[in-house]
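Novice: Each chain is listed here by its residues.
There are 2 protein chains.
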Amino acid sequence: IFSSEEISKHNSKDNGIWVSYKDGVYDITDFVDLHPGGEKIMLASGGPIDAFWNMYAVHKTDEVLEILEQYKIGSLSPEDQKPIDLNDPFSKDPFRLPVFRINSKKPFNAEPPIELLTDSYITPNELFYVRNHLPVPEIDPDSHRISVDLGDSSIQLSLEDLKTKFKPVTITTTIQCAGNRRQEMSDFKTKGLSWGPCAIGTARWTGARMLPGVLLHVTYNHDIIPLLDGDVIIAYKMNGVDIPRDHGYPVRAIVPGYVGARNVKWLRQITVGSDESTSHWQMNDYKAFSPSTTFETANYKKAPSIQEMPVISAISVPKPGSIIDPEDGMVEVKGYAWSGGGRDIMRVDVSADGGNTWQEASLTKDDPDADDSAHCWAWTLWTAEVPVAAGKVEIICKAIDSANNCQPEWIGPIWNLRGFLTNAWHRVNVTVE
Amino acid sequence: IFSSEEISKHNSKDNGIWVSYKDGVYDITDFVDLHPGGEKIMLASGGPIDAFWNMYAVHKTDEVLEILEQYKIGSLSPEDQKPIDLNDPFSKDPFRLPVFRINSKKPFNAEPPIELLTDSYITPNELFYVRNHLPVPEIDPDSHRISVDLGDSSIQLSLEDLKTKFKPVTITTTIQCAGNRRQEMSDFKTKGLSWGPCAIGTARWTGARMLPGVLLHVTYNHDIIPLLDGDVIIAYKMNGVDIPRDHGYPVRAIVPGYVGARNVKWLRQITVGSDESTSHWQMNDYKAFSPSTTFETANYKKAPSIQEMPVISAISVPKPGSIIDPEDGMVEVKGYAWSGGGRDIMRVDVSADGGNTWQEASLTKDDPDADDSAHCWAWTLWTAEVPVAAGKVEIICKAIDSANNCQPEWIGPIWNLRGFLTNAWHRVNVTVE
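Chains U and C supply the protein sequences, listed in that same order.
Its first residue numbered 1, the first sequence is counted upward by one per residue in UniProt numbering.
Its first residue numbered 1, the second sequence is counted upward by one per residue in UniProt numbering.
In isolation and in its complexed conformation, chain U is listed as follows (with noise of 0.2 Å):
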């Protein structure tokens, strides 16, 4: 109905974004699901945004698209449809296992199985939770260089400067999404990624410390110190091999104990001060609010940024679902239990009769092969034999960590409107043989 002139014209007007549609039905799967020469086209400024559309493609939710909804115009009609180089710029990306379990594909965010997760204490490189919030960039290790800004001057880091001029020390730490065990949020009443249980996982990085290598080079400031840790490190490898493209190839500043979304992958800048970083994840995302609170009502610069993570622990074995045959009325179940901030876990309570009585859990924790220092950067893995009864069983796990700190026992009092921090207790649900 419209031409491409005519949407050019109104989209000068109030400076929109513009939305047509071939047949004019509004199909979301159609929509995110463009390629190049596909029927749906974004205009603004007169030209097509599918590109930038698609690099941005975190945009691509039903709210977005409802808000999108309001500034449709019509119809392009079929002499005006032209097929578009997308150059999708995901066409890119690594490979990965089919094994993971995709919550977006396009930026790749993705899972591991949880039956493999605790298989091992050291999660492997390929089996590592993907949080993408763009293309994964591709970067040239010869030239690329790390700027340290310290106020007054800067440094130029290459890689070679990193891996030659720094003592190599390795650390062992657990990376979590912010996000992790969402869906438990999302079936109260989130929407966002619905992440599983397993936006988590265990790697030993090796690289520079931050503390003694950099910033001996600056005046010591005492306010500093507790931002930049002994054991904050620039990693250029993850398990012994140079960083997955997935996991921020060439570089990556590994920030034990904090949130994932800290240890910024593909690293170029760093900057000394002690200021908060003005950057949209820092300022406009990765924070929490009351239950009560919703996006209306959301100040987010009031609101502090997520950092250090609390306490958490999950089932692994057995899987929901699972039909149970205990062996002299015991089940094994295991899992893992984390903490942030360096905080050691002390305990895990298991329970398999609503919380009436727990068993404690047998714990695996600490790398020998890793430089930490005295905190306690990685997670523990646990096992416990339970006592269960025939029927069906919903089976619990709770940690406590080093500061005594506990889980909630459920997912209401900590409900938040982004779905962050889901530290609930874990209940799996079975039937007993």
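None of these hints come from the bench; they were simulated from the model.
Heads up, a few of these hints could be off.
Note that the list lumps identical chains together, so a pair holds whenever it fits in one copy or between two copies.
What the hints assert, rightly or not - Dumping the calculated SDA-like pairs for lysine to any residue here, alpha-carbon to alpha-carbon at most 20 Å:
| # | residue 1 | residue 2 |
| --- | --- | --- |
| 1 | LYS302 | LEU363 |
| 2 | LYS302 | THR383 |
| 3 | LYS301 | THR364 |
Chain U is already provided as a structure; the job is to place chain C on it using the hints.
Specialist: Frame of chain U, contents of chain C only:
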């Protein structure tokens, strides 16, 4: 019936403890209130042990008295009863304000009234909760020395040394007893000193830093750093005056963010090393267990010591049982919130409808007069305006700390046999007119 000689004979045979009664009737109140010349006598190795019994008065509990009961061998004949000089070791304890709620008189354990607790950010010395295991020692400040054992050598520090050889720093910290709010666990199923929610207070402590002061003298040992944070001080002033005797005169260790018990009063010795102290209070007390652990199954060797404290909050206004005349349907609720390990309080939620809706409290924190590092050692006071319906109302508060840890909803899942770490949501029941 038995003479002292006969008792002595029994005693020497199996090295037991013997209790004799004047009237053969077991009366705990009389027993606990034993005073010089009193009627109850305990003998061991042929002599009265009342002086020691009174010294270690922490044993005057139902449980210990029940154990002693089995050793009762009879009553002394009136002729054998002679007044005994008990030399009450508590007779030289300092004067305390009568306003305290006393949980134990000897040793003195008391907390200020809740309605005064949060009236000021800094707790007045005279209202700071007192937790003593023994009589308050009488220490001559001029001859007192602090011995610092460095392994190969040791340093003796006088009070004068501490005040003149080290730069004085002032740290504002909240100190909290591991048993704060134990009464709520006791109502569930624990015995012990039934602390209300006021075994907590905040003071400015002035003293010498242990890290840049004492420890620069020793070989740098990375493992020790987390234990001797830069804000750990040997304090000699509390809120600008000499530390009161009840709080550690003349010197006390201030270990911010750790359980009150580690803020050692009447400090005499510091040992630098990598092994945990083998003291009774470190090894066999101040440990928490799972709700299913009993005195019989508790393994004190395996359980870790309580060090850093979890996030907590409590309501100080209104008082439980208050009758409230709301203004425009709103009531003002006040209280405190705190977390150990230097973690800040990010948010306090208050509800008067069973947690269906939460009001975010306004927070007051930080002491501009302190020399603290970036850590947040002192509590947050808070105020919230909460809508209330007429009738019986339960007001609830819960806090989130900067590691995103939250408080558990009720006592059950955190209950432990010693009644430590009561940090469930605080609930105050009132009547709204």
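Novice: Please go over all the hints and tell whether each is borne out by the structure.
Specialist: Checked hints:
no. : hint              : in the structure
1   : LYS302 <-> LEU363 : between (39 Å within a copy, 12 Å between copies)
2   : LYS302 <-> THR383 : between (41 Å within a copy, 17 Å between copies)
3   : LYS301 <-> THR364 : between (41 Å within a copy, 18 Å between copies)
This entry satisfies every hint, going by the numbered hints stated previously.
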